Every structure is written in structure tokens, then in C-alpha cells.
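**Student:** Read off the chains here:
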Amino acid sequence: MAHAYTPGLKVSSRTIFRKERRLPLKGEVLVKVGDTIEAEDVIARTELPGNVQTMNVANKLSVLPEDIERHMTVKLGGWADKDEIIAETKTFFGLFTSRCRMPVGGTIESVSSITGQVIIREKAIPVEVNAFVDGKVVEVFENEGVLMETDASFVQGIFGVGGEVSGPLHVVASRPDEVLTPGQITPDMKGKILLAGSLITMEVFNKARDVGAKGIIAGGLGDADLRNLLGYDLGVAITGSEDMGLTLVVTEGFGQMTMADKTFDLLKSKDGVKTSMSGATQIRAGVIRPEIVIPLGKGTGGMSEDVLKSSSGLTIGTAVRVIREPYFGAIGKVTALPPELQVLKSEAKVRVLEVEFGDGSRSVIPRANVELIED
Amino acid sequence: MSKDPENIQSIIATDCGSTTTKAILIEKVGDEYRLVVRGEAPTTVEAPFEDVTRGVLNAVGEVEDLTGRTFIKDDRILTTREGKDGVDLYVSTSSAGGGLQMMVAGVVKEMTAESAQRAALGAGAIVMDVIASNDKRQPHERIQRVRALRPDMILLSGGIDGGTTTHVAELAELIAAADPRPRLGVGYQLPVIFAGNVDAREIVKDRLEGKTSLDITDNLRPVLERENLQPARLRIQEQFLEHVMKQAPGYGNLLKWTMVPVMPTPAAVGSIMQLIAREEGIDVVGVDIGGATTDVFSVFGEVFNRTVSANLGMSYSISNVLAEATVPNILRWVPFDVDEADLRNRVKNKMIRPTTIPQTLEDLMIEQAMAREALRLAFDQHKLLAVGLKGVQQERTISDTFEQTESGGTLVDMMALDILVGSGGVLSHAPRRVQAAFMIIDGFRPEGITQLAVDSIFMMPQLGVLAQVQPKAALEVFHKDCLIKLGPCIAPRGTAKAGTHCLDVKIEKADGSKEEMSVNFGDMAVIPLGVDEKARATISPSRRFDVGLGNGKEIHTDIYGGVVGIIIDCRGRPLALPEDREERVRKLTEWNKALGVYPET
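Chains as they are written, first to last, in the numbering used here: chain A, 1 to 375; chain B, 1 to 601.
No lab work stands behind these hints: they were computed from the structure.
All of these numbers come straight from a predicted model, not from anything done at the bench.
Heads up, some of the hints might be wrong.
[What the hints assert, rightly or not] In silico BS3-like links for lysine-lysine, alpha-carbon gap of 25 Å or less:
1) LYS123/A with LYS211/B
2) LYS136/B with LYS60/A
3) LYS587/B with LYS345/A
4) LYS534/B with LYS514/B
5) LYS26/A with LYS211/B
6) LYS480/B with LYS349/A
7) LYS497/B with LYS593/B
8) LYS256/B with LYS84/B
9) LYS75/A with LYS205/B
10) LYS506/B with LYS485/B
Sequences and hints are given; from them, build the entire structure.
**Tutor:** Structure follows, in C-alpha cells:
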């Protein structure tokens, strides 16, 4: 009965990290297979059709919709600047003229003889996609983007807010259970991604933003603070487009949460190394978790591939993390997997396992309430 | 499906929920079909699997472990029976994609646009926004909205047959100009369903064909007085199956495995609720509370309504329940002190780790408090949508004068309701059945005499899809193994001062034994009466209370028991909990004790 288990989040010191980088619309790919590029380099570019404005020209000129085409001075597909006349009527031997001017600069996209409506398309908006991580282009998707590959340390967060950033990792906390104070955030942290301990407080967040840091990684974040940061209660967890000034990634959960030793030690060993990070999270079908990627750089080749792989499931000795009260965050090893259902304090009859924690104590936990610690 | 339904001996049915995948094994024992075992496993739409069939195999793997038999071969469900191994039939429902996210557009917000919204909700969709010619937004604002939301589908309605085509043309032009891109997949055309004025079909085709995957169906409001939602609903479901569901990780594989098309979970549960109403000729309200969505169904006077509250649920959507209900409304159901910051963190942690379950009693109480609010909010939404037609001249009598609403009132009549049925993990898996009964009562607030029932182990979705192929098996399992009768709830309408006399109940059982009880306002009580045990009840409300015949009017009726018994709820309707925190905790504890809801600590 080892089928029902929750795969854990990935924390790996060496892995082949691959990432698709695609344009939202088809466009031009600027790099080729084999190119070695940096996180900030643009790999593909396109132009999004501009915003659309509508104007009922027939109403403005007081003519019938079926007549507007002959009153248009700028024809279908033509460009006109803001305030330029695009249609006019002359009546009474040309003494009275009604004119219609462009509300914005744009192209005349359609002229409707049914509604009298003219649709104006504003200037195209350029859209670019960068590489996100330092690495190599291993595949090009024609007109769409590329597949980037890099030999990297990789940490999946549980929740994040804010978009993609990259910069040197700066270790601020000395222990995984430390709660930083604003005084520990200094101006030299500008442009960096900060490693905090068990909690990001509002004060620390504000100070980090003020000094120009690019991101913060911590074990936990209080939901009340999240609400203050966003300005609203986050109902459905779809994040990544917030503009808060810096990106946050939480590795354990909500509230003060000591960061797992393995995660903290790995990140601590990367002090000063260029790191790419994304806070984008979507907790629904097709889940997206935040990512922290630290490329290992040149001269580290020759390793075997260790891409994300499915786990073999729960067995005796498997390392697990408890992910619900009353032992939330505790880490231990599975010591028993009794097949029969057991009754919890809540009186629910569920499948359980026995875990031995680091201090040697043992507890019985529902199998649904642990996650595997992935290598 | 090529197999003869008569020769089907063994069936596996799965339901891929947003959080959990459930598998049941049904087999023919003698002449009847019975549930054998059930297995479940987390739904695997997340990395590293990102394939829903992995969760299906894991859940069926549990069934294998429990029976000691083989149902999986070469990482597929074995759909040929070889001795004790394999099955004759495999069917599945799914809501793993987290529902269907749609936009609807219509000419007049209160009329065709509202009909379109009802059509979309009835088809199991989430309506992200309603665009109407009179919604007071600028055209470019509407266009930007379409672009930003990236819906899975758009339902365009507008105009009665023979009516305006100008506004419909305008809406089609807006959609075309927005050039909407679906959330899933590059190079995929967004389905747009047109269910409006027949005279506007060519105009709509002219503007949208080629730019979108346009599908034209019957007008959902052909004349002002009549809605015709069914064709649009069916088309939405078809498009959902054809276009949206497949896009979720691994659906392509699942569709290849099942012998009949995978059915969306709300459609399957809806068909079961209709079955209950049809079989007994009664008014039914049902609910399926899931991880991402809560679906409410009602049949009143043979009119079926289904609504999907796409962002109310117990795992993925639990944080939205908190956001919509607000903290004080959650805490009013919790019989002990909880720090607000702690509650917020607990709820968010459940959202980010949706498969976890309460281990402690306190955690269970908080989860059940959340469920009460999710049920209440979903039912409020249902009542709002299950309404009579707007724009229709209604005859009113003098007595209606003070109850006149702006438009058609809700069809939901809690006093007329015969049975309330609950399904979904939090109700089906509540450690005590009385907990499910209590959550249903607090969420739905039945009035008068209402039978309560719960899905035994959360298998209504699977039986709903099975009923399409092998109705005999679905019905037999439904009656024998699925529907658990909890007992009737007697809840008088009215309010009074706490402690004043509210109700007398006399019960005469078939064996001649009698029981009498007098209950004061603000109290709850339970009288034991076993499943299907019949009793003659005399219910005498005091003069300020009504149990169905009017204030103070006595009722004599036959009632049937259930696993909980007869629940007497004299907390009044509308239900108001004590404002004072200490008094509220005292009353909650008292009610829980009276009904034996939680173990004594």
C-alpha cells in the first residue's frame, strides 16, 4: 500500500536543469542550438498586436452605418496619428463639416457597415523572452523559443510571489531557524537574492526592497503579512505577476518555519554565486512551484544526468517531512508502514506510518501528512 | 463500448478529483451488483508525474492490494477479465482540471447575458466575467478583459430570435478584435459557442470563423418568456470534453483507457441527484464539496438546476473560502479560541499542501467550520441562480406585495424541500456521520421536516457515469452501498427569546414504543430512530414557529429514521448564532454535546 504518498519538493545539489522559454505568440528566435548564453540575454522576440479602441464613426458624423466607408479619409489598414482626421462629411455645399479624429495613434483595423463602428489597433507592443538561466541552448522551437539547459543546483519552493529575477545569492541568516531583523539588511545587498532563515517579516521585506535587493528566500511567511504585501486576501493561489519590488520564495510554508537543513546548507554553500529565481506559483491542475536555480558554471561537467524522476514511493527508511500539525515541519525517517487503517485523535480511520524524528522520538502520522524528501 | 451490459460482472470506476483520485470496484454477486472495495491516491497533475493516469493507477493499485487481485497490466487497467483478474468495464469522471473557466457575452446583462451565465454554470463552468452591451464598460476595456483572463471557452448569446442583430455583431467584433488566446497550448483555437438570435448566425460566422473554433447552437433565449438552455449546456459539455479536459496533463491517455467518454464530475453527480428526485417524486437539494469546487444541485417541481462554485472547496480553493467568508464567519463555528494569524496560516498551508488531512480533533473542527462556510456560500450562489425567468410579466396578488423582488425569485424553497444529500470528502469521510449531518444543517439551514443523507464513501461521481452505461449496476450500488440515510431534521421557522418554549415532538414507533420531547428555542436534540425505521410523529410548534403548515400549526406525519436519528434544531430560522464570543462557544459546545458530534475530551 505504498501508492498514496505525496512526492516532495526537489532539493538537489547537482542536476540537469532544463527550462522551456517560449513567446506567448509566434515570433523570431534570436539564438541557435549550442549557443552559451546568460540569464539576461534575449532569446526570442515578437510584437503583440496593439490594444484596440473602438469608435462609432457613424454616430459621430450622424450618417447611416452603411455610408461610413465613403466618408472615411483614412482607409482600411491605413495608419493615422492621434487627433488626425479619419472621416468627415460635408453638407450644405461644404459649409458645414463634421470631422472624426483619432483618439490614439493606430491602424484602422475594421470598418463595420452594420454598426458604424471603427476598430483602431494601437502600435504593436514588443515582447521579448530572456534565457532565465545561464546555460546552453539545446533545442530551438521554430518561431516560438528555446529549451535551455544548465548544470545546476536546484531548489523548488512551496510558494512564491513576484516574477523572474537573477543576481548573486547573499547569505544573510546564519541558521535555518533565524528570524532576520531589518538591521541585518544593508545597502551592499542591492541587486542580490537574500537567504533569510525561518520567516520573512514585513520590516525585513520593506528594508530589502528599499536597499534594492532582487529577492528573498525563507522558510516561512505569515499569511497576514502576505495580505499586507499584496493589499488583498489571496483567494486562489495564482501568482508571478505581482509588482512588489522583489520576488519572494518560501520553502516550507506559512508561519514561522525553520528551513530544512538540507535546503539551507545547500543555499548557504552558494554564497555569492549567480542565482536565477522565479516566484511564479499556480496551485491548481498543472501546478507551478517557485524555482531557485544556481548554475554550477564552467568546468563542472562529466556528471551523470539527474533530471526530475519519479520516486519509488514510501519504504522503511525513506526520509520524510511532516506537512501538517501537530508535527508540521519535523523531519524523520519511516520506521513502520502498517497496512491496516488506524484511528487518529480526530477519530478518522486512515493509513498511517511511523516516523522516527532526529531526537529519536517516534510518532504515528497519517500517510497523507508527510512528503518525501527528494534527492 | 462493445460489451453486452448483461454480461458485465466486474467494473472499475474512477473519479479524478482536483486533489484525490478515487477508485471503486463493483461486482455482480448473485443477481445484484455490489461495491467490493475502494482505493484512493493523490491526483497526479503535479511534477514529477504530471499525468493524471498515474494517480488512477495508484488508486487502482490500492484496490489490488485490498483484494489481492490484479487489475493493472503494463501500466494500464486490465479491461479483459481473466479469472479473478481484470474487469469488464472501466469508466471515469474527472474534475482534475479544476473546472472550466469561461466568459459569457450577451446583449442585455439582466436578460440574455444572465441566461447565458445560467447555461454556462449549469454546464459545470466557472464564469470569469459577463460581458454585456449594457455593462457600462468601454469596448476597449472589455477587449482587454478578454485578453487578460484567457478563458477556456466563450459563450456568446444575444437577442431573441428575430430581434436585434446589431448588438450581437458588436459583441462578435469585440471578441474577434481581442483575438483571445486560450490558457492552454500555443496554436490552439479558442472554442466560441454562439447561442443567440438565429438571424445573427451569418454575421457571427463572418466575424469569428477562422479566428476561433466557432460552434453554433440553438438560441438559449429564443423568446423573452422562455429559456432554452439545454442545447447550449450540452454544447459546452461537448466542447469541454473535446477541447479543455484533454489539455490537462495525461488526459489524452485516460480518454484512451475508458470504454465510454470521461464525464465531468458535476455532470455525473447531477444525474444521480436527478435520479433520486425522479425515483421518489420529491424535491431534492444536493451538494458535492470537493477540493477545488463545490457543486450544488436542486430539483424543485421537476426543474433541475446545477451550479458550480468554482472557487469554493476544501483544499485548492480553501483560501478563497476564507477570503470570501471572512475570518469572523469561520470562527463563529469553532468551539474554542483560535488566534486569527494561526487560522490564516493553517488555511494557507492546507492550500499549498492540499492532500493533507486533520490529525488532531482541533484541526478537524476548524476544517469542518471551513466546510460550513463553503457550503453556505455555494448554496447562496445556487439560490441566486436557480431563479424564475426575468423579463416576464408575473402575476402578483395582494399578499405578494411585501415580498416582491425586482425580478424572478429563487426556486429554492427550504420548507418544501424533501431531502438534502451531501457528497464530497469532508462530508463522506467525516469520522462521525452526525458531523456530516451537522455541517449540512449549518450550511443549508433546512426548514420544516427534511430528510438528510450522505454519500457513504464519496462515490456518487463514479455511479453517475456508470449509470450512463450500466444503470442497473449504478442503481443497485447507489441504494445498497452509497446513500446513507442520516435521519430527518426538524427545524421550525421563526425566532424567539432564548429559553422560551419552541416545539413538542411525540414519536410512536412501529413496535408501539413512544417518546416525547419538549425543546426550547436555542436548543438542539436528537431522538434515536434507526435506518428505515418508520414512526408516527406529532410535531407541535408554539405560536411563533412554523414547521410547514403555518405558525403554531401541528403536524402529524410518518417519518423514517437514519444512522443519526431525528435531529431537532430549535436554533430558529433565520439561524443566528450568539454575538457574544463566550456565549457562542458555550452554545456550540452544548449543541455538539447534545448531538454527540465530537468525542468528549
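**Student:** Need the list of violated hint numbers for this structure, in ascending order.
**Tutor:** Every hint satisfied by this model.
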